[in-house]
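Colleague: Here is how the chains run, residue by residue.
There are 2 protein chains.
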Amino acid sequence: MEMFKYSKRVPKDGSDAVGEILKAAADPKIISFAGGLPAPELFPVAEMKKATDDVYDENGKEALQYGSAKGVLKLRKTIAKRMLDREGIKTDPDHIMVSTGSEQVIDLVGKAFIDSGDTVFVEQPTYLCAIDVFKSYGAKFVSVPMDDDGMRTDALEEALKEHPEVKLLYTVPNFQNPTGRTMPADRREALAKLAEKYDFMVLEDNPYGDIRFAGEHVPSVKSFDKSGHVIYMSTFSKILAPGLRLGWAIADLDVINKLTVLKQSADLHSDNLAQYIVAKFFEENDIEKHIEKISQLYGSRKKLMTDNIKKYFPKNVKFSDPEGGMFLWVQVPGVKDTTKLFNMCIKHNVAFVPGVPFFAGAEIPGSFRLNYSNMKEDQIEVGIKRLASAIKEVLSEQTVAVNK
Amino acid sequence: MEMFKYSKRVPKDGSDAVGEILKAAADPKIISFAGGLPAPELFPVAEMKKATDDVYDENGKEALQYGSAKGVLKLRKTIAKRMLDREGIKTDPDHIMVSTGSEQVIDLVGKAFIDSGDTVFVEQPTYLCAIDVFKSYGAKFVSVPMDDDGMRTDALEEALKEHPEVKLLYTVPNFQNPTGRTMPADRREALAKLAEKYDFMVLEDNPYGDIRFAGEHVPSVKSFDKSGHVIYMSTFSKILAPGLRLGWAIADLDVINKLTVLKQSADLHSDNLAQYIVAKFFEENDIEKHIEKISQLYGSRKKLMTDNIKKYFPKNVKFSDPEGGMFLWVQVPGVKDTTKLFNMCIKHNVAFVPGVPFFAGAEIPGSFRLNYSNMKEDQIEVGIKRLASAIKEVLSEQTVAVNK
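Chains as they are written, first to last, in my numbering: chain A, 2 to 405; chain B, 2 to 405.
Simulated from the structure, these hints should not be mistaken for lab results.
Each hint should be verified, as a subset may be incorrect.
It does not matter which identical chain is meant; a pair holds if it fits inside one copy or across any two.
Derived EDC-like pairs: lysine to aspartate or glutamate, alpha-carbon spacing no greater than 20 Å straight-line [what the hints assert, rightly or not]:
no. : residue 1 : residue 2
1   : LYS24     : GLU63
2   : LYS341    : GLU158
3   : LYS316    : GLU398
4   : LYS198    : GLU159
Since this is a predicted model, take the numbers as computed values, not measurements.
Build the full structure now, drawing on both the sequences and the hints.
Modeller: In structure tokens, the structure reads:
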């Protein structure tokens with residue numbers, strides 16, 4: 002019995018499965034590939050301190066006062082410039098809203114577009130927090146199948162014919178969380194065209210796109226958008242510091258203004274001081290050089306991880322080989338119960354996030370996500386070896402069970 | 002015609018009336034009593050800079066990394082201690098959630114408790130943003146009448162008998178926005194008892210309670226709560242700096258945990274750096290001394306304003322005489338259309354926020370809110386004189402219209 006009369010939106014007990022996983026993985030004995038943290042050793046603490054001191058000296062009172070719901074103008078100018086240079090998105094500060102982390106954009110877009118019972122398309126699998134958010138607004142999900150090149154736009158068009166009522170499609174086109182997969186340019190162009198043709202909104206979430214350590218940059222879905230159906234979003238969390246909780250959205254003027262009205266009701270505006278600091282940091286430092294350092298480190302950790310997977314895992318195990326980002330995705334054929342594998346891993350002092358919470362519909366059994374961005378090199382080999390032992394033990398237990 | 006298929010929650014065009022008012026009031030010729038800003042000349046910029054430098058030196062990496070959804074433990078300890086000392090609320094860090102401004106608590110409480118069609122009780126008038134937020138979750142409102150001592154608990158009990166289905170009551174018991182009124186202890190105790198008896202939640206919003214320049218401190222509603230029906234919320238915006246967007250909620254453990262799950266979906270957590278800075282500021286400085294400085298300044302500005310109101314306004318004008326906070330409330334008998342008065346004021350180069358948006362139901366005609374916290378002394382007399390002229394002009398125009 003519940004003591005208080007919560008709304009229907011409030012998840013019932015036990016829904017924080019991921020919280021429980023991270024709690025189990027927090028034991029210091031455990032090598033945890035479950036997290037999703039950037040490497041803190043690359044946080045530019047000294048440069049941030051200097052930028053902050055300069056903000057206090059030059060704009061102290063403004064930074065501490067209430068500010069604009071859309072965000073600090075100087076920061077929106079910085080974003081507009083980089084979005085053109087980097088993503089081919091022609092925009093200006095009016096079309097940009099600074100958000101309290103990119104999570105807030107997902108929440109506000111859900112609030113702005115989803116009525117209870119509305120259909121939302123997601124990738125199969127997709128970012129788990131997006132599922133939670135859209136669910137809280139009453140979304141019904143359709144999962145669009147993926148291959149090594151991300152969401153299959155042929156499968157998408159099939160799904161659209163069956164579900165022309167779709168309101169929103171959510172995609173992470175670069176180094177997707179959880180799979181690490183990237184959608185090529187032709188699919189992005191096709192997606193933008195389908196959004197116009199079938200009149201639904203696309204939420205393009207690009208937290209990882211800058212962290213590329215192999216292959217070539219692919220233009221954003223938004224850069225192919227001619228009708229205003231694409232909302233682009235990104236964050237400073239992966240290229241600078243997640244603790245500041247600063248992200249942004251770029252959209253058609255009417256859409257961005259509606260999102261801003263909702264943002265005012267959510268938190269008035271994002272931390273002004275943090276916005277001034279980031280704008281100052283960009284003025285005083287070469288962000289591209291900093292991003293290169295991050296990409297190099299993550300690239301070498303990813304390689305170490307895939308090298309060890311090849312060395313220790315059963316040969317039929319499938320895994321993604323991302324060209325950037327923070328995650329790779331493993332699928333072990335024959336594993337029927339990923340939770341059982343997770344529990345076995347905990348016994349072997351290693352952890353991951355099981356695939357289940359990343360699926361809005363049916364899961365692909367035996368799949369899980371590994372994080373390499375925040376894992377010291379010497380721990381990667383040890384951890385993957387432990388994981389390999391756990392996989393072998395679960396597979397052999399299953400065989401015994403079948404033979405009994 | 003709308004271009005995009007928004008959800009029913011999105012307000013239709015023209016709903017940002019307050020935005021329009023603030024825009025009109027932003028003309029530098031205009032003396033604006035419309036805002037709600039703290040006085041920036043009292044922001045402790047040097048002390049904040051020192052606290053920030055120390056955070057970078059001592060906890061740089063932690064402050065820039067992802068953090069806990071409930072908030073930085075050190076800050077929650079600081080809050081727990083002050084809540085006991087100051088408000089008589091016995092609590093601990095587990096029962097406290099740090100929020101992105103107190104606005105976020107209103108939003109999350111709305112999300113957690115209000116299903117479409119649910120009844121919410123508010124004061125008549127009440128904080129306008131709370132109306133917008135609850136409306137976005139489909140609330141139906143019942144306005145509880147007030148007198149000079151805030152919400153009338155006798156009228157509340159009448160309303161409860163008529164609306165036993167009420168889910169939530171929202172109140173600002175100290176120096177209410179917009180009226181500046183304060184609820185005495187006996188009414189607070191009665192409110193806490195009624196919440197238990199009729200099984201509804203109380204959201205006690207206390208942004209201004211610390212800024213008292215006259216009279217005696219009154220214990221919080223939460224301090225009378227024996228059944229967990231009261232959620233207490235406050236903010237660092239008025240006692241330190243609103244730009245940081247940091248507030249907090251205190252509630253029953255089950256309630257605070259549910260709010261925290263919803264917060265994770267809203268923005269994962271609030272700015273970690275800002276949380277470390279505020280905790281450090283409290284460690285290094287005497288906040289009570291700082292609050293005293295703020296209270297003294299606002300008290301003298303309030304006195305200047307009421308002195309000039311007495312001197313220049315028509316004698317039958319009613320106005321509140323707050324013992325703290327940032328606002329006072331005026332009601333001009335005989336004014337039928339407050340928008341007309343507002344437009345006349347703009348012609349006279351002075352501005353306020355008209356009463357209308359503060360009412361969830363029928364407005365009290367001729368009422369408006371004046372802010373004194375962020376107004377230089379020499380401007381107060383000039384502004385009130387202009388307001389007096391505008392009032393007289395509107396009243397005489399009305400008389401002419403009647404006599405025609």
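Colleague: Which earlier hints can't be squared with this structure?
Modeller: Structure breaks hint 2 only.
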